[in-house]
Every structure is written in C-alpha cells, then in structure tokens.
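K.L.:
Based on the provided sequences and hints, a complete structural model is requested.
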Amino acid sequence: MPPRVRLIIIWLVVIFLLYSIINDPERSADVVLALWDVIWGAIANIGRFFEELFTGTFGR
Numbered sequence: 017m018p019p020r021v022r023l024i025i026i027w028l029v030v031i032f033l034l035y036s037i038i039n040d041p042e043r044s045a046d047v048v049l050a051l052w053d054v055i056w057g058a059i060a061n062i063g064r065f066f067e068e069l070f071t072g073t074f075g076r
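Numbering (the numbering used here), first residue to last: 17 to 76.
Simulated from the structure, these hints should not be mistaken for lab results. Mixed in with the good hints there might be a few duds.
What the hints assert, rightly or not - Each pair of labels, with its calculated beta carbon distance range:
1. Gly-72 x Arg-20: 51 to 61 Å
2. Thr-71 x Val-30: 37 to 47 Å
3. Val-47 x Arg-20: 43 to 53 Å
4. Ala-45 x Glu-67: 27 to 37 Å
5. Ile-24 x Gly-57: 26 to 36 Å
6. Ile-24 x Phe-70: 40 to 50 Å
7. Trp-56 x Ile-25: 26 to 36 Å
8. Tyr-35 x Ile-55: 20 to 30 Å
9. Leu-33 x Gly-63: 28 to 38 Å
10. Gly-72 x Tyr-35: 33 to 43 Å
11. Ala-58 x Trp-27: 24 to 34 Å
12. Gly-72 x Pro-18: 42 to 52 Å
13. Ile-59 x Ser-36: 22 to 32 Å
It should be emphasised that the depicted structure is a prediction, and the values quoted were computed from it without experimental measurement. Even for Gly, the Cβ is constructed at its ideal location relative to N, Cα and C.
P.N.:
Quick look at the structure:
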C-alpha cells in the first residue's frame with residue numbers, strides 16, 4: 017500500500033474515532049471495555065494453555 021494512501025486511511029480512522037467518542041462517549045466506553053475483555057480473555061487463555069502444557073495436565 018502506498019504511504020500516502022496509508023496516511024489517508026489512518027487519518028480517516030482517527031477522525032472517525034474522535035467523532036464517535038464526542039458523539040456518544042458512553043457507547044465508546046462500552047466498546048473499549050468489551051475489547052479489553054476480549055484481549056484479557058485471550059491472554060488468560062494463552063497463559064492457561066502454556067501452564068497446562070508445561071505441567072502435563074493438558075486434556076484432563
């Protein structure tokens with residue numbers, strides 16, 4: 017992707033995010049919390065996978 021196109025896309029995303037935060041801050045906060053829950057759940061599951069892999073309790 018050409019650098020100029022990428023820069024335009026980044027600016028459009030930033031402008032959209034600012035608009036949505038200003039327009040409806042409560043919903044924006046809910047979206048951020050939901051994304052954080054997904055990220056935290058993925059990290060916890062990866063940690064649980066490696067813990068079970070190294071302790072030999074995987075699949076029991």
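K.L.:
Please name the hints from earlier in the document that this structure breaks, with their numbers sorted from lowest to highest.
P.N.:
Violated hints: 3, 10; rest satisfied.
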